[in-house]
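Protein chains: 2
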Amino acid sequence: MTPIKNDLFIRALLKQPVERTPVWMMRQAGRYLPEYREVRSKAGSFMQLCMNPELACEVTLQPLDRFNFDAAILFSDILTIPDAMGLGLSFAEGEGPQFARPVRTAADVTKLPVPDPEAELRYVIDAVRLIKANLQGRVPLIGFSGSPWTLATYMVEGKSSKSFQKVKSMMFEQPLLMHQMLDKLAQSVAAYLNAQIAAGADAVMVFDTWGGMLSHDDYLEFSLGYAQQVRQLLNTDRDGRQIPTILFTKGGGLWLEAMADTGYDALGLDWQTDIGSARARVGDKVALQGNMDPITLYAQPEVIREKVAKVLHGFGQGSGHVFNLGHGVLPDINPEHVKAMVDAVRELSPQYHSQA
Amino acid sequence: MTPIKNDLFIRALLKQPVERTPVWMMRQAGRYLPEYREVRSKAGSFMQLCMNPELACEVTLQPLDRFNFDAAILFSDILTIPDAMGLGLSFAEGEGPQFARPVRTAADVTKLPVPDPEAELRYVIDAVRLIKANLQGRVPLIGFSGSPWTLATYMVEGKSSKSFQKVKSMMFEQPLLMHQMLDKLAQSVAAYLNAQIAAGADAVMVFDTWGGMLSHDDYLEFSLGYAQQVRQLLNTDRDGRQIPTILFTKGGGLWLEAMADTGYDALGLDWQTDIGSARARVGDKVALQGNMDPITLYAQPEVIREKVAKVLHGFGQGSGHVFNLGHGVLPDINPEHVKAMVDAVRELSPQYHSQA
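Each protein sequence line maps, in turn, to chains D and C.
Mapping to my numbering: the first sequence position 214 is 214, numbers consecutive.
Mapping to my numbering: the second sequence position 133 is 133, numbers consecutive.
The set of hints was computed from the structure by calculation and includes no laboratory data.
Check before you lean on any hint, since a few could be wrong.
Each pair may be met inside one copy or between any two copies, as identical chains are not told apart.
[What the hints assert, rightly or not] Straight-line C-alpha distance at most 25 Å; calculated SDA-like pairs for lysine to any residue:
| no. | residue 1 | residue 2 |
| --- | --- | --- |
| 1 | K339 | S163 |
| 2 | K162 | P34 |
| 3 | K310 | P175 |
| 4 | K42 | L112 |
| 5 | K162 | R37 |
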C-alpha cells in the first residue's frame, strides 16, 4: 500500500501531533464546482454518476486539484445500500431521493437482503479502488455510509420527510420490527464500510443525518445503538495501519457524551454545537470534526476568515481537531469563498499546534 | 378581573404546589379538529380567521370544550407583527407564509415602524378581550408572539426557509443592521405582549422557532439577547397578579442554561431534549414545559399512555412541569389520540405531586 504523503487528517483523528489543523469539507465534490457540473451533465443522472467509477473518481479528485484539502472523500450517495437491497432509488429533479418500493410491512422487512458489497455495490468499491490508485498517496481517502437509522428513515418514508411520521410510527408501534430492520442495516453498513476499507479507504465516516429528529431515549435505542453495532463490526486494522472512524449525527449536540462512548475515534459536529464546550464534554475520548456554519461561505472572504478563526480558537490548543463545515457545502457557493476558508485554516491554525 | 377557577397551569409555571401536572398542547386550536376546519372554511383565508375576533375566539375555545386542557391559547399567527409593520403577509395554499415586501436593505430596516398594538394589531387584542370574557375564568389564557429572531428570519427571507441564507448573510455581513432590526422587533414584541397582558392574557409565551438554526454564539447574540430584551420590557404584574412568561427555542436544548438566566419563568422543551437532564441543568431557576414527540400521537392510545408516563417520570417529583408536546400537534392527528394523552396526564401525574 502506498504511504500517505499528507497524513495530517489521519493524525488529527487519532489525536497525534500535527503541524496545523487539517481541513476538508462535506460535499466538497459537488455542484458548487463548475468542473463538477460539467461531468455531472455528461453522466446523465446523479445515480449514473455515482455508478460510474471513472466519473466518480474524476469528481472526487476535482476539489483536491482546486483547493488544498487534506482529505478526499469518495463521491457517492448515502442511499446506495437501500438501492442495493432492491428498493429502487431514483432522484427526481428538485425533489430529492425516492424509493419505488418503500419498506412498510413485516414482510417487507423480512425479505430485505444484506447486500454483498463486492456484488450489488461493486460500482462503489471499484470507485474506491480507482480513486485510491489515482490519489497515489497524496491525501487520505474517506469512505462513508449513511447510518442504519438514517437509511431506515428513507426506506420507510420512501423519500425525504419533515415529520418522519411513517418511520417513527413503525418505531413506536412495532419496535421489534424496527429493531429487526436496523439490525440488518447495521450488518449491511458494516460489510459495506469493511469492503471500502479493504479497497483502500483510509478512514470511514458514518452520516447519521436524521438521528437528531429523535428523542433522547429513542436516539440511544434506535440510532446510536446501531451506529455502535456498526463500529464493533468494522475491521479498522489494514496491514497494521489503523483506519480511524468518524460518527456524525446532525442535531446530536445534546448527546455527545453517549456518542463518545461508542468506540468511534472522532465525532462530527454540526454548527449549532459550540466546539469548545463539546471538547470539554468529551474530553480525551474522541477527536472532533467541524463545525463552521455552512452559510458563512456566502459572506465575504474577510468575514469567512474571522469565523474560521473563531472555530479554531474555540477548539483551542492541541491535536484532535479536523476543520470542516457543520454540514455540507451548498450548491451555489462561490468557489473563491471555499478557497478563503481553506487558506484561513492553513494560515491561522499552526499557532494552535505550537506545542506539537 | 374574574378569578381563575383552574389555575394549575399558572401555579406550575411559578413552581407552586399542584395536585397534578397541567396539560395543554401547542396548536391545540387547529386543523386536527373537524369543528376548527368548519370555522376555517367559513372564514375564508387563514389570515381572515386570525383577523376576526369572534371566529378566533370560537376556535380558541373549541379544544377546551372537547378536552380538559388546563390552558387556552390565543388563536393567532406568529407573523402578525411583521404584517402590522407593512410587509404584506399572505398564506399560499400548501406553501406557508409569504411576505410581499421582504426586508433586504438598510432603507427597508430604517422604515420599519414599531406597531401600536391597539391600532395595527387591534384585531388580536380584541380577540384576547373576547376570549377572556368568554372563558369566564375557566382556565388561564396564554398570549404569545414570535421571537424577534424568528420574526426576522421570515421578514428577510420573505417566506419559510431551509437554509436561512438571506437572513444569516445579513447577520454575518451587516451585523449592525441586523441588530437595528432586532431591536425594533424586541420593542414591538414587548409592546404587543404587554397589550395582550393588559387585555387579559394570564401568561405569555415567546416562540423562537428558528433560534435552533444558529451557532451557539450567534444564538446568544442575535436570538437570546433579544428574547431577554423582550422579557425586560414586559409588565408582568397585572393588578397584583403575576403573569408568568415562557420562552421556547426549538432546537435550543444545548443552550438551556443561558436561556434560564434571562428572567423567563419557564422554558419550552422540544422533544429531543431529555426533560430529566434539562431539569438537572436548569435547577430551580425555571419551570419546564413539554416535551412528548408530536409523532407519538399517531400511535395507538396504549403507546401514547406509555410515552406520557415516560415524560412525567422523566421530570419526576414536584411542581414546575407543564405537560405539552415538543412542538405543535400535526393536522392529521386523530382527536381521540389527543384525548388519550390528556387522560393519561390527568391519571398518571398526581403521584408526582404527592408531597404537595
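Cross-check of the supplied hints:
no.	hint	result
1	K339 x S163	between (36 Å within a copy, 21 Å between copies)
2	K162 x P34	between (30 Å within a copy, 24 Å between copies)
3	K310 x P175	between (43 Å within a copy, 16 Å between copies)
4	K42 x L112	neither (33 Å within a copy, 49 Å between copies)
5	K162 x R37	between (28 Å within a copy, 23 Å between copies)
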